[in-house]
Amino acid sequence: MTRDEICSRILAIFSEKFEIDNPGLDDDLREEHEFDSIDAIELLREIEVMLDSQLTQEEKKSAMTIRTINDIVAYVIDMAAVRA
Amino acid sequence: MDRRVVITGCAAITPIGNTKAEMVRHLTQGISGVKAMRSDGLLTEQIHSGVFGTVDYPIDYAFNRHHRKTMGPVAYYACQVAKEALDGAGLEEAFVTSGRMGVAFGSTHGSPTVQREIYRTFFGQSEQKLRNIGAVDYLKSMVHTTAVNITKMFGITGRVISSSTACTTSSQSIGYGYEAVKFGLQDAMLCGGADEYDTTTVAVFDNLLACSTAFNATPHLTPRPFDVRRDGLVVGEGAGAVVLEEYERARRRGAVILGEVLGFACNNNGGDMILPNMNGIEQTLRLGLDSAQIGPDRVDLISAHATATKMGDVIEAQAIGKVYGTGPLVTGLKSYMGHTMGSCGVIETILALHMMHERFVAPTLHLDDVDERCAMIRHARQLTETAVQVAAIENFAFGGVNTSLIIRKPLE
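Protein chains in written order, with our numbering: chain R, 1 to 84; chain E, 1 to 412.
It is worth saying that the hints were derived from the structure and are not from the lab. Incorrect hints may have been included.
Straight-line C-alpha distance at most 25 Å; calculated SDA-like pairs for lysine to any residue [to be verified]:
1. E:Lys-69 x R:Glu-19
2. E:Lys-20 x E:Asp-56
3. R:Lys-60 x E:Asp-137
4. E:Lys-69 x R:Glu-16
5. E:Lys-69 x R:Asp-78
Small disclaimer: the values here were computed from a predicted structure and weren't measured.
Work out the full structure, taking the sequences as your base and the hints as a guide.
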């Protein structure tokens, strides 16, 4: 997947699962869209489906500092690269 | 510091409606909310009782996802009645979030629907059992899920009391909320209880031979409190909330005062967990009057617990007879909707308020032939136009827990 394709998938997940439509790519999701740690856990499950691979506990913990859509996209690219 | 405690908001979701107009229509026209029990795909085929106090009308929930994500069905009920009661009370947001307002709210056992899904995962064949249990499943299912979804939704930062004592859950909520305001620990409390559609509860009562089974083809004719043909209780679903507020504060802000809580008592039978206990119930009724500092002659109406079990009704009638004689009218409101479990106390309190304001007493439905062992009290057997000033709401629960709430219509 290209970066743009990953970004589209993430934005689709945010719309369908979290009812957050078209957030700015650098919006602080917690501050501006009430995206909290519970949502982050659910997002990680969606990312596992995207990657068709389970994330390790360490990989999940490293995602807890993520704040923006751009951060999430970079995280998915990194996780995909590890599995390539 | 004893302060007066008034009711400035109330709302309920019941098998006989969600609005005051609908509830009054059912009560005055003798319309039951008991229906054929809907299937749960698990237990209903085996349960002998085929009736349920059913909420079968649409409810216009307007909760955003931030709130919905930690809510099971019981919290939907709880948050909806909390919202309607707060709207009705008209409390300013700065006060609601100030720490001077708390929540006393509970349910019988959280959300059994969510718990059942967890068990389905646990006992299923999936290799991914851990991952299939959602991160929020505990928040949706836990015993205090109603109380804390309410605090989250409305930003309430005061005390939290989440009683979970089956049939006395919400009468305790009101009672302990009343005491928190009366003794100056809080200036207002949002109090109540909720229980969602749940067949586990029905199965328990069914196995105890305590459920109604003879009216499965005519659900609207059961339960039948105090009647010779009563054959057990009918489980139901619902929710209710009242806003309790310190009187001087409510008066200063010009709030509409719906009623006043005069007293509350709670005790335990100190023994058997299931069998009704004459001494325990009688003592509760007397302690309720002591708390309200009134004599039994001041009470015009008793909302009896009256579940329509064989012995429960007899013991309750005899206890009422000992304490109150034949003075107050006695009605069994579960005859209209079944036993809504954790929400019955608050729903019956709200229905008593509606009857006070509309100047009537609804009769116990289906009381065609009074059991002679229950005949020593003044049963409400037909719709009665009367000005009720003071009402007592009685509730009793498994575990031997008894409560009595005394409320008064506001002085005109």
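Right, here's what the structure says about each hint:
1. E:Lys-69 x R:Glu-19: Given that 25 Å is the threshold and the Cα spacing comes to 11 Å, the pair holds.
2. E:Lys-20 x E:Asp-56: holds (17 Å)
3. R:Lys-60 x E:Asp-137: Distance ~19 Å between Lys-60 of chain R and Asp-137 of chain E Cα, so the pair holds.
4. E:Lys-69 x R:Glu-16: holds (13 Å)
5. E:Lys-69 x R:Asp-78: violated (29 Å)
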